[in-house]
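Visitor: Sequence:
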Amino acid sequence: VTQINLAIATALASGITGGVAFLYYADRLFQLPLGVIGVAIGVVLLPTLARKLRANDTQGALDSQNRALEFALFLTLPAAAALIIIGRPILHTVYEHGAFTRADTLAVAPALAAFAAGLPAFTLTKIFQPGFYAREDTKTPMYFAMATVAVNIIASIVLVKLYSHVGIALATSIAAWLNALALIAMSLRRGFYTSDQRFRSRLPRILLSVAIMAGVLWALLRYGLAGHYAEGAGFAAALYGLLALLAAGIISYFAAAHVSGAFRLGELKRSLRR
Numbered sequence: 001v002t003q004i005n006l007a008i009a010t011a012l013a014s015g016i017t018g019g020v021a022f023l024y025y026a027d028r029l030f031q032l033p034l035g036v037i038g039v040a041i042g043v044v045l046l047p048t049l050a051r052k053l054r055a056n057d058t059q060g061a062l063d064s065q066n067r068a069l070e071f072a073l074f075l076t077l078p079a080a081a082a083l084i085i086i087g088r089p090i091l092h093t094v095y096e097h098g099a100f101t102r103a104d105t106l107a108v109a110p111a112l113a114a115f116a117a118g119l120p121a122f123t124l125t126k127i128f129q130p131g132f133y134a135r136e137d138t139k140t141p142m143y144f145a146m147a148t149v150a151v152n153i154i155a156s157i158v159l160v161k162l163y164s165h166v167g168i169a170l171a172t173s174i175a176a177w178l179n180a181l182a183l184i185a186m187s188l189r190r191g192f193y194t195s196d197q198r199f200r201s202r203l204p205r206i207l208l209s210v211a212i213m214a215g216v217l218w219a220l221l222r223y224g225l226a227g228h229y230a231e232g233a234g235f236a237a238a239l240y241g242l243l244a245l246l247a248a249g250i251i252s253y254f255a256a257a258h259v260s261g262a263f264r265l266g267e268l269k270r271s272l273r274r
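In this text, residue positions in the sequence shown follow this note's numbering: the first is 1, and each later residue adds one.
Hint data in this document are derived by calculation from the structure and do not stem from the laboratory.
Please note that a few of the clues may not be correct.
[To be verified] FRET-style restraints, in silico, Cβ to Cβ:
1. A40 <-> A244: 25 to 33 Å
2. R54 <-> S201: 27 to 35 Å
3. A247 <-> F100: 19 to 27 Å
4. F100 <-> R54: 45 to 53 Å
5. G191 <-> A244: 45 to 53 Å
6. I251 <-> M146: 41 to 49 Å
7. L246 <-> M146: 36 to 44 Å
8. V39 <-> R189: 20 to 28 Å
9. A247 <-> Y133: 34 to 42 Å
10. R264 <-> Y24: 33 to 41 Å
As the structure is a prediction and not an experimental result, all values here were calculated from the model.
We treat Cβ as the ideally placed atom computed from N, Cα and C, and that holds for glycine.
Throw the hints in and build the complete structure from the sequences for me.
Guide: In structure tokens form, the structure reads like this:
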């Protein structure tokens, strides 16, 4: 499915000057958190669920899925927010050298933001698909994936006319959210998944922590570090600014998460070890 979506995006973007390159650079940055978080969790979760379901430990399987969901959202929601808010500084620092110009940064940044909006959805898919596979149901996720491709094609054709290459990235995220929501709805309907009290109590706290981090990043970029990315500021200034933004984002998010009770450091360490 990923390869089909990529082929669709490439075909549509090829008709836009620089479109293929813009999407390529945006996707490279987007794939980093997706690969580290989403794919890793999916790989670990499937054998865990299968083992517990074979042992008729339904409650244990639900607990594993809730903890995976909690951990994934704890990491992907702030990652998505950061890519949206400080995408331009990241692109400026990483790519804006030589042939990659400021105009390219301005073209890639909104595409990166559009991809980032779908990051939580891609991760949710990696968490809910194993629930079907562990129960030897491969058809349902396949049907949803096929529907997702159809939605992606239609949305891409419509949105590319409105938003150029950014519309293609946005269509990808819209399709990802529809796929994730379909998997969640079917999991709930079949009794494959039930959220527990711990997850329900922590999700609002995670969202609050993300909002605080987003506010800190926006204010710092708007009022403190904008000059580091002015034309002619130089690589050293851009790198310093990016490191400051990343440090501020990490500190503010983890501090807010700790104070609000969204996640504890010990729990995070245990989740990472798993």
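Visitor: Take a look at whether the Cβ-Cβ distance between R264 and Y24 falls inside 33 to 41 Å.
Guide: holds (39 Å)
Visitor: The hint says 45 to 53 Å between G191 and A244; measuring C-beta to C-beta, is that right?
Guide: holds (48 Å)
Visitor: That 20 to 28 Å hint for V39 and R189 (C-beta), does it hold up?
Guide: holds (26 Å)
Visitor: Is 27 to 35 Å respected by the C-beta to C-beta distance linking R54 and S201?
Guide: holds (30 Å)
Visitor: Do F100 and R54 keep their Cβ atoms within the hinted range of 45 to 53 Å?
Guide: holds (51 Å)
Visitor: Quick check on a hinted range of 34 to 42 Å for A247 and Y133, using CB atoms only.
Guide: At 39 Å between Cβs, range holds.
Visitor: A247 and F100, beta-carbon distance inside 19 to 27 Å?
Guide: Given a distance of about 25 Å, which is inside 19 to 27 Å, the answer is holds.
Visitor: Does the Cβ distance between I251 and M146 fall inside 41 to 49 Å?
Guide: holds (43 Å)
Visitor: May I ask you to test the hint 25 to 33 Å on the CB atoms belonging to A40 and A244?
Guide: holds (28 Å)
Visitor: At the C-beta level, are L246 and M146 separated by a distance inside 36 to 44 Å?
Guide: Check passed, 39 Å falls within 36 to 44 Å.
Hint compliance for this structure: no hint is broken.
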